[in-house]
Amino acid sequence: MGFFANIPTVPIHEGGHNRLVREDGTVDDTSLRKITGKTTLPNDPKMGLNIANVLNSIDAVAKQMAQQNQIHMFKRVDEVTKETGNRFDLKGEPMTAKVLNDMLEAMYIAFDRNGEPILPSFVCGPEAAKNLIARKEAIESDVAEKRRHDDILAKKREEFYDRESNRRLVG
Amino acid sequence: MIERVIEDWLDSVSEKAFEVPFAQLLSLEGFTVVHMARPHGPMEQGKDILAFAKDTTPFAFQLKAGDLTLKNWRDPNQPLKGQVEDLLDLPIQHPSFQHATEHQSVLVTTGVLDDTLRQEIDQFNEGRKAKGKSILKVWLKGHIQQQILSSLSAFIPSKLPNFRDFLQLLLVDGTGVPDKEKLSMFLRERRPLKIKKASDNAIRATCAELVILSTHLVAPYQSVDNFISEIEVWTMVASQLMIIACSSKKSSQIAVDSLALIEIAIWKALQGLSQEILERESYIEGNPWADACVYQARITHVAGFLGAAVLWERLFGEEVNAVGALKKFCDNNQKQMFLWGEGAVPSFLALGWALDTISPGLDMELFLFRIIGHIISQFNKNVSAEKEKGGGAASASSTVSVLSDPYITITQILNRGIGGSASPIESSNAGQSYVLESLVKILVNRLFRVHLTSLWGGIAQTAFETYYPTSNVSLWNWNNGKEGSIESRYTPSPTSWMKLLEETRHPNMELLPPLPFQGPHFLLMMLLSMPHRINPSIVLALEQSDWCGGKFLLNSPKCSI
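Residue numbers (my numbering), protein chains in the order written: chain A, 156 to 326; chain B, 292 to 852.
Think of the hints as simulated: they come from the structure by calculation, not from any bench. The reader is advised that the hints may include incorrect statements.
Listing some non-contacts, in silico: residues in chain A with all C-beta distances to chain B over 10 Å [unchecked claim]:
#1 Glu-169
#2 Val-176
#3 Pro-200
#4 Ile-226
Reference listing, derived: stretches of chain B covered by chain A, where coverage requires no fewer than 3 residues with Cβ under 8 Å from a Cβ of chain A [unchecked claim]:
#5 731-745
#6 761-775
#7 778-788
Facing chain B, according to a computed beta carbon distance under 10 Å, are these residues of chain A, among others [said to hold, decoys possible]:
#8 Ile-167
#9 His-168
#10 Gly-171
#11 Asn-173
#12 Arg-174
#13 Leu-175
#14 Asp-179
#15 Gly-180
#16 Leu-210
#17 Arg-318
#18 Asn-321
#19 Arg-322
#20 Gly-326
Each residue gets a CB set at the ideal place from its N, CA and C atoms; glycine is no exception.
Input sequences plus hints: build the corresponding full structure.
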């Protein structure tokens with residue numbers, strides 16, 4: 156599952172779909188999706204049957220299901236970003252500090268009690284990760300974008316506090 | 292096999308436990324049952340059950356358990372003969388029998404009569420006949436067994452798995468808690484899918500079958516005076532009868548007759564619970580070393596049902612000393628109550644409503660603020676855990692202290708506590724709650740605006756989780772599978788107090804299971820027995836009830852939906 160294993164899971168005990176009503180009244184409906192796996196347990200009399208084989212077959216199903224889950228989540232991210240327009244296509248160009256800041260600017264950022272940002276994780280393929288690490292120094296040395304990064308976070312912090320202070324009872 | 296099960300049950304059933312199934316059998320035979328003896332209810336000299344036959348002949352029944360002998364007839368302390376004479380000769384004093392001058396009297400026993408007693412009764416009847424007086428009829432085990440068998444005629448030829456499930460539920464250890472999910476599934480399968488199109492007789496047969504089967508399923512708990520588990524089983528049966536009652540007007544009339552019997556059974560169990568609490572000094576069960584693992588959870592569960600006993604007592608105005616029992620229990624145990632998960636919240640609410648009726652304190656409000664405080668502080672813990680991980684979402688392990696959702700049962704929690712289960716209870720429930728909105732709505736109803744304002748930041752960060760069924764009748768089911776949906780709703784920023792007040796005054800009827808009669812008492816039992824059914828509409832219906840002026844269904848004119 157990689158990164159997705161870190162996402163908290165919530166059991167759904169009843170109902171065929173989920174409806175999220177946000178504080179601004181917008182609604183998001185999500186239907187449940189079935190994930191299945193298939194495995195075979197060798198029953199060759201010469202090999203006999205042992206618990207290791209059984210566990211391996213369970214692992215095989217789990218892997219298939221995790222893979223489907225991962226694909227489903229990427230698809231869902233794709234659908235949502237297509238819907239909201241919240242997507243950046245580098246079109247083969249290398250990652251820059253500017254693009255990273257543009258992405259950050261478009262995102263919701265939460266802050267902890269000490270005012271520190273809870274920054275999002277960056278999920279990418281192995282090749283993209285290698286390129287990104289290779290460009291780390293270049294990205295971090297862009298002074299103008301570093302300043303912009305700080306400004307974005309300051310603005311996000313302000314927005315966050317505005318939003319939080321708006322969670323109140325009125326009228 | 293089923294014959295053997297019935298015979299064993301008749302051999303072991305107590306007089307008290309026999310009343311409900313017998314009344315149900317009468318109803319199936321076309322009698323209209325109008326009265327069952329209740330603890331501390333109006334006295335009916337020697338008469339346990341009063342009913343009208345199809346031709347409106349009044350009948351009075353006296354019930355006995357086990358074999359009867361001449362010794363019983365001549366018992367110096369409680370002679371059966373004297374009771375029978377009361378049954379025969381004392382006129383029925385009941386509003387429904389005002390114009391009845393004579394009644395038929397039947398002595399019913401789950402056993403047999405020995406030869407000497409049979410002869411004695413024959414002579415007794417001869418003597419009465421000679422004097423032109425009414426005679427005693429006697430119904431014995433064989434007759435009852437036949438009645439039960441015919442009431443189960445739809446069940447007996449059913450598939451073997453159904454019978455296996457029945458035996459599994461029947462052979463449980465009565466000291467434990469019932470497997471309500473399995474029980475509900477079993478009872479649900481006994482209910483025809485097309486109940487709306489069923490004939491009156493078919494509906495009556497279904498209701499009778501549900502009650503008769505349940506009298507067997509409740510027997511393991513009755514045999515060891517496990518009153519709470521008994522009530523929970525009756526509540527599961529009542530839930531299925533509610534669905535039948537709400538399907539049409541004619542179903543309502545029939546199912547309410549059966550619900551009336553269950554109401555009495557629950558009332559008797561509540562009285563038994565109150566009595567037990569008054570009599571016991573310690574509430575430890577069995578070995579204290581082992582009981583320590585479950586003690587606080589049990590105390591919480593008992594407190595909820597004692598609260599219900601107080602509310603039922605108040606509703607029906609019949610004193611069973613539930614208030615005394617609750618006061619005694621709370622003095623020693625209120626501090627032991629344990630919020631083991633959101634599933635424990637109905638117990639706190641029932642106790643709070645009961646305490647509201649007997650003392651002017653702020654017990655309920657304190658419960659509410661403590662639980663709300665717990666829920667919103669979990670969210671903060673969760674955010675801190677995220678931060679410690681260096682950003683990203685919190686892992687499951689960071690949320691172990693989070694209250695489990697109300698679908699997680701006390702048995703699962705306790706199994707986990709003592710290492711008996713690997714169920715995924717620790718899955719995160721942080722940042723969302725099935726109970727929070729209900730708790731908030733109670734406080735809104737009580738106009739605690741200032742206090743809520745101080746907590747609103749945390750409340751607004753938590754999603755209110757609610758199960759929406761496709762039809763509100765389905766809320767009576769234990770679980771509706773994929774039917775319906777779960778809504779996760781964040782309260783608007785900012786939230787209008789006036790709107791909250793409005794929502795409190797006009798709860799969403801989609802979330803309120805329909806009732807075929809007046810009175811919130813079955814809703815309360817549903818909430819205690821099926822804690823995952825908690826939602827703001829059910830809670831507000833209970834919160835806004837004044838718990839007085841209720842009548843037992845047996846005494847009420849039958850209402851339609």
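Comparing the hints with the structure gives:
1. Glu-169: Non-interface label on Glu-169 of chain A violated, nearest chain B Cβ at 5 Å vs cutoff 10 Å.
2. Val-176: violated (4 Å)
3. Pro-200: holds (33 Å)
4. Ile-226: holds (19 Å)
5. 731-745: With 3 residues in contact (Cβ-Cβ under 8 Å with chain A), the coverage given for the stretch 731-745 of chain B holds.
6. 761-775: holds (count 6)
7. 778-788: holds (count 11)
8. Ile-167: Check passed: Cβ of Ile-167 of chain A comes within 6 Å of chain B, closer than 10 Å.
9. His-168: holds (4 Å)
10. Gly-171: With a minimum Cβ separation of about 4 Å from chain B (threshold 10 Å), the hint on Gly-171 of chain A holds.
11. Asn-173: Hint holds; Asn-173 of chain A Cβ to chain B Cβ min 5 Å, cut 10 Å.
12. Arg-174: Hint on Arg-174 of chain A: holds, closest Cβ of chain B at ~5 Å, below 10 Å.
13. Leu-175: holds (5 Å)
14. Asp-179: holds (7 Å)
15. Gly-180: With Cβ-Cβ at 7 Å, under 10 Å, it holds.
16. Leu-210: violated (15 Å)
17. Arg-318: holds (7 Å)
18. Asn-321: holds (4 Å)
19. Arg-322: Hint on Arg-322 of chain A: holds, closest Cβ of chain B at ~4 Å, below 10 Å.
20. Gly-326: This hint holds: Gly-326 of chain A lies near chain B, its Cβ roughly 4 Å from the closest one there, short of 10 Å.
Hints 1, 2, 16 from the earlier list are contradicted by this structure; the remaining hints agree with it.
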